[in-house]
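Student: Single-letter residue listing:
4 protein chains.
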Amino acid sequence: MAISGLLRCGEVAIRVFDLDEARHHYGKCIGLIESYEGDDDKIYYKCPDEHDQYSIVLRKDDKPGIDYFAFKTLKDEDLEVYEKGLGEFGIECNWIEAGVYPKSGRRLAFTLPTGHEMHIYAHKEQVGNGMATLNPGTIPDEGYIRGMRTVRVDHLLVGGPNIDQNREIFEKVFDYKVSEQLISHEDGSRLAIFMSGSNKPHDIAFILQPEEGRFHHVSFLLDSVNDLYHAADLIGKYNIPVDVPPNRHGVTRGATIYFFDPSGNRNEVFTGGYVHYPDTPTLTWDTTELGRATFSHDNLPRESFLNVLT
Amino acid sequence: MAISGLLRCGEVAIRVFDLDEARHHYGKCIGLIESYEGDDDKIYYKCPDEHDQYSIVLRKDDKPGIDYFAFKTLKDEDLEVYEKGLGEFGIECNWIEAGVYPKSGRRLAFTLPTGHEMHIYAHKEQVGNGMATLNPGTIPDEGYIRGMRTVRVDHLLVGGPNIDQNREIFEKVFDYKVSEQLISHEDGSRLAIFMSGSNKPHDIAFILQPEEGRFHHVSFLLDSVNDLYHAADLIGKYNIPVDVPPNRHGVTRGATIYFFDPSGNRNEVFTGGYVHYPDTPTLTWDTTELGRATFSHDNLPRESFLNVLT
Amino acid sequence: MAISGLLRCGEVAIRVFDLDEARHHYGKCIGLIESYEGDDDKIYYKCPDEHDQYSIVLRKDDKPGIDYFAFKTLKDEDLEVYEKGLGEFGIECNWIEAGVYPKSGRRLAFTLPTGHEMHIYAHKEQVGNGMATLNPGTIPDEGYIRGMRTVRVDHLLVGGPNIDQNREIFEKVFDYKVSEQLISHEDGSRLAIFMSGSNKPHDIAFILQPEEGRFHHVSFLLDSVNDLYHAADLIGKYNIPVDVPPNRHGVTRGATIYFFDPSGNRNEVFTGGYVHYPDTPTLTWDTTELGRATFSHDNLPRESFLNVLT
Amino acid sequence: MAISGLLRCGEVAIRVFDLDEARHHYGKCIGLIESYEGDDDKIYYKCPDEHDQYSIVLRKDDKPGIDYFAFKTLKDEDLEVYEKGLGEFGIECNWIEAGVYPKSGRRLAFTLPTGHEMHIYAHKEQVGNGMATLNPGTIPDEGYIRGMRTVRVDHLLVGGPNIDQNREIFEKVFDYKVSEQLISHEDGSRLAIFMSGSNKPHDIAFILQPEEGRFHHVSFLLDSVNDLYHAADLIGKYNIPVDVPPNRHGVTRGATIYFFDPSGNRNEVFTGGYVHYPDTPTLTWDTTELGRATFSHDNLPRESFLNVLT
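Going down the list, the sequences are from chains H, V, P and S.
Counted the way the working numbering counts, the first sequence spans residues 1 to 310.
Counted the way the working numbering counts, the second sequence spans residues 311 to 620.
Counted the way the working numbering counts, the third sequence spans residues 621 to 930.
Counted the way the working numbering counts, the fourth sequence spans residues 931 to 1240.
The set of hints was computed from the structure by calculation and includes no laboratory data.
Quick caveat: nothing in here was measured; it's all calculated off a predicted structure.
Beta carbons: idealized from backbone N, C-alpha and C, even for Gly.
A couple of the hints might just be wrong.
What the hints assert, rightly or not - Once the Cα atoms are required to be at most 27 Å apart in a straight line, the calculated BS3-like pairs of lysine-lysine come out as:
{"id": "1", "chain 1": "H", "residue 1": "K75", "chain 2": "P", "residue 2": "K648"}
{"id": "2", "chain 1": "V", "residue 1": "K338", "chain 2": "P", "residue 2": "K695"}
{"id": "3", "chain 1": "S", "residue 1": "K972", "chain 2": "S", "residue 2": "K1033"}
{"id": "4", "chain 1": "H", "residue 1": "K28", "chain 2": "S", "residue 2": "K972"}
Stated by the list, open to error - Pulled from the structure, derived: some chain V residues nowhere near chain S, Cβ distances all over 12 Å:
{"id": "5", "residue": "D359"}
{"id": "6", "residue": "D362"}
{"id": "7", "residue": "K382"}
{"id": "8", "residue": "G425"}
{"id": "9", "residue": "E427"}
{"id": "10", "residue": "R456"}
{"id": "11", "residue": "D464"}
{"id": "12", "residue": "L501"}
{"id": "13", "residue": "N549"}
Claimed, not checked - Derived CB-CB ranges, DEER-like:
{"id": "14", "chain 1": "P", "residue 1": "K648", "chain 2": "H", "residue 2": "S304", "range": "25 to 33 Å"}
{"id": "15", "chain 1": "S", "residue 1": "L1064", "chain 2": "V", "residue 2": "L329", "range": "18 to 26 Å"}
{"id": "16", "chain 1": "H", "residue 1": "D187", "chain 2": "V", "residue 2": "K338", "range": "32 to 40 Å"}
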């Protein structure tokens, strides 16, 4: 009890066209820390306030999008529980041995009804957040926090069909809650589902899309609206293609900027949002308020935001 | 010396269709303080941290835009100096007696080459900022600062032909400096001129427009990017039509939101920007960087921002 | 799994000398919302972004301190599990029927080894956070958030002997984790223990004190350092006795202000702090860094902070 | 008119015991930019958003304090005007040729009634703020802004006898205004005088002290309360001796931290404060509110703040 089971999205494996360009974007501009050296076609990153070895994996490919995403669970024995639970939904799981993914324990791998490959693991080596565990102080050495001053990977949004089945799996197998949902005002069907297993307003979200396995965005947590503005200044400075400049989501009440990596994958920087608990009432938005639900500063839905995925 | 002469834009007289709607917008939503009761067809407002009796005058009319704007000068005898200086530019002045504008000393009134009526006055009664002058403390009573938490009127942008002549008058007669300018990269001609007589990056700006006497926006100063986000939250809540949601100007480096009053007049809330001195180098932007000059978070020029005036 | 069991400190029952004075402090100055009318000798408050009927109960008495604190758990059947778990530690529980505490389900009540009365309940009526659950928007009506702009009750710090036994109970019975601890550098004994069952760096903390049942402080969450400064401005304006003006804790990395209610009970406003997970390494501070652990802006331990409790 | 004459405190010459220690403090911790290489016993710094070659000069000596401070005036011919004006107060001036102070035009040097050596100059070479003057963008390259993220030198506070004579000279010769003053509630005599020649609430302040030529502090402007907290985090990290951790002044309403360089000279980081104009009413604080006037978050006067000068 307390927090147990699926803790967070601990790894997103993104495909990029060119590693040098990607390193400029994720390393220099965003300021992620290259934290592991592996295969030549991959770059491993962590955010400054994450303890685990890496949370973002870039892989060179000729098609953008994600290979998989992985959640960390609290205990290794959770994996068998999940295998069984997923089986009851007809989801077949594969076991990946420890070490296949660097510094990682064994993994349970499976495909969600939306067509996404998801992993679950309980162990990844920890390299710390730049501060000691004995008398750590409050701020790492200058330069450790850089670029957009990200804190950690916050959440993931993916698109595909069958999002209601994903929801059911996350509710029943992982005990996640629907914090918010966007429904059609015509037939009440769910168009987007936001799910939380933590005090964050969402850990993962699903958006209805005809095509399977689509990637909408990975989101990096920032400390404050000031840091969000600082990130926006860098985005402009580096001529990073912007999807949506600073705004606030109706859903989650988080302050946000959306932009694209050089391969067209969407990134978000995010701050704020309310404190979520499993007894927080689920919030529902219908499509009459699509603008307010997505971008509440001008209540204007963005076509690209809704329809561009990789 | 030190700061003398034209201190600031101390009064903007805006035409609105409907006073009740305008009162909802400027009073409730923006949070201006109704600070004088005059004619039935007018509303007088001040911002919380202004000392003078009023700075915004709304007048009911069937055409939006501004009637005039007025600058406060330090000394009453400045007016004769300005009358003479303006005369050298062929500008004819009228004298308006004290009291014609409520609580105001005598005024010099004239029309700028861009077709705008401008007043200069040295006296207006002061009603204070909600705090005493003896042992004032740092924050007024709860409710005095409300709505968008404006601090004061910051600056004004107006459009018309002959902006270079306006510039020359502000330089020669008022000793204002061009802090920044936007020029055509083709012929070097000035398309927008930003002028400062203070430590603010601009007190008034002129944008080239074919038609005379146009009003682009009046800007209200906020304390922080946090208050800018708070203002944006209210703008969304009250369904205020937005021109440009939170962004940062290249010109002035100020953080900004543009929105419209119910009559279509543009308002801005603004925070930040650099400290300007008369020895600060003039910054020039050319039209190859029109996007960055206007909205530096996505370097995207907005058609409406450039072309909608009242 | 996910978040389950003890969710948060949902209720703190504080004794105050005078209800009118207390109402001025908690209602007007802090800005809590009086959300239930009960007995004449009690005031019930909630913070603006809490959904439950109340979270702070003031009771008129001639001795300050707390009567009890209460945690909300996710499911009513958790209570039997806890009764059993507590029994294994020799803790005897009493059952309190639903409705004895207004709008509350049944409760398990018991005394911790530190001498504090603790309740656990699964149900309390919800009155919402001032916004709808269908198309809620992002900001409630003006005036709903007021005073110090608190978001919610964040955590509680209490003092007594046997804090290691409290720790063991929270670890074993409630699955809470020690996020941080302060130990004597001489003998390694724990002087303060910070425990989290959530993504917050602490939900409750225990400080070693010779006397049982002491109250150190209740903490209110704020949104930003800007709001912390705004709270400090109000604290100064209202001449509220201050224990420690704005600073940052080493422990939790949260920004903080400590002050006292008119009866001498300590309050905190708090913002920031890291995102905690059960796999976050426990941080240890020893008494050679007592200053940095408590107040990291000047690394100066405060005598009053360590020793004044009610 | 507009802003003319004495623009700002453009140079403070501080004595330090050890240049390496001082370089660690002012360069690494505060983040000033070493911007000129001169004599072996001096270090020249500028803040990131200043254009002039340097604003802080450190000189190795065995006694802390300041050698002199220098104001920049708008025009070289102002110097003769000031020489005459100062002469009327019986102040004798010396002329220092251009180039004696590196990259500086000729200077007028004199001693104020408080015993401080003051210079006035109109020219200093400009090296810019890390951004171009054509299409500058809004943020310099990463690393240009570092340490405490200072913007510029904001103001200076010095102590000595005869502060009323200093005031008269600044009023009559330089047209500066008393923005605020602290008076004895017993006899109305001025104990501290805050003077502004700009839109800042003060450019220089004088505090009554029996000994001549004392230095209270030099203040560095920051962008936001967030940056103030970041500065405080670094102050704690680097174990910089703190005089007063984050608070807000009653006088000026600026947010502040005071700390000491390794030689005992006091530094301030400062943000906020109101927009000042020459028609802003002078604010007066009397000694019954000495706490609120100095540190308004807890209304507590600090002995060290009032009495420690170098």
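Student: All hints are to be evaluated individually against the structure, with a verdict given for each.
Tutor: Each hint tested on the structure:
In summary, the hint linking K75 (chain H) to K648 (chain P) is not supported, as the alpha carbons are separated by about 47 Å, beyond the 27 Å threshold. As the CA atoms of K338 (chain V) and K695 (chain P) are separated by approximately 44 Å, the hinted pair breaks the 27 Å bound. Between K972 (chain S) and K1033 (chain S) the alpha-carbon distance is near 15 Å, which keeps this suggested pair within the 27 Å criterion. The straight-line distance between the Cα atoms of K28 (chain H) and K972 (chain S) is roughly 35 Å, outside the 27 Å bound, and the hint therefore fails.
Consistency note on D359 (chain V): stated as away from chain S, yet its beta-carbon is not over 12 Å from all of that chain's, at 6 Å minimum. Residue-level check failed: D362 (chain V) sits 8 Å from the nearest beta carbon of chain S, not beyond 12 Å. With a closest Cβ-Cβ approach of about 7 Å to chain S, K382 (chain V) is found to fall inside the 12 Å limit, against its non-interface label. Every CB of chain S lies more than 12 Å from the CB of G425 (chain V), the least distance being 24 Å, so the non-interface label holds.
No beta-carbon of chain S comes within 12 Å of the beta-carbon of E427 (chain V); the shortest separation is about 21 Å. Against the 12 Å criterion, R456 (chain V) stays outside the reach of chain S, whose nearest CB is about 18 Å from its own CB. Listed as outside the interface, D464 (chain V) is inconsistent with that label: its C-beta sits roughly 9 Å from the nearest C-beta of chain S, within the 12 Å cut-off. Chain S leaves L501 (chain V) outside its interface by the beta-carbon criterion, the shortest separation being 14 Å against a cut-off of 12 Å.
No Cβ of chain S approaches the Cβ of N549 (chain V) within 12 Å, the least distance being about 30 Å, so the stated non-interface status holds. Taking 25 to 33 Å as the suggested C-beta distance range, the pair K648 (chain P) and S304 (chain H) does not conform, at roughly 47 Å. Our hint of 18 to 26 Å for L1064 (chain S) and L329 (chain V) is violated, since their Cβ atoms are close to 46 Å apart. The beta-carbon spacing between D187 (chain H) and K338 (chain V), approximately 37 Å, falls within the hinted interval of 32 to 40 Å.
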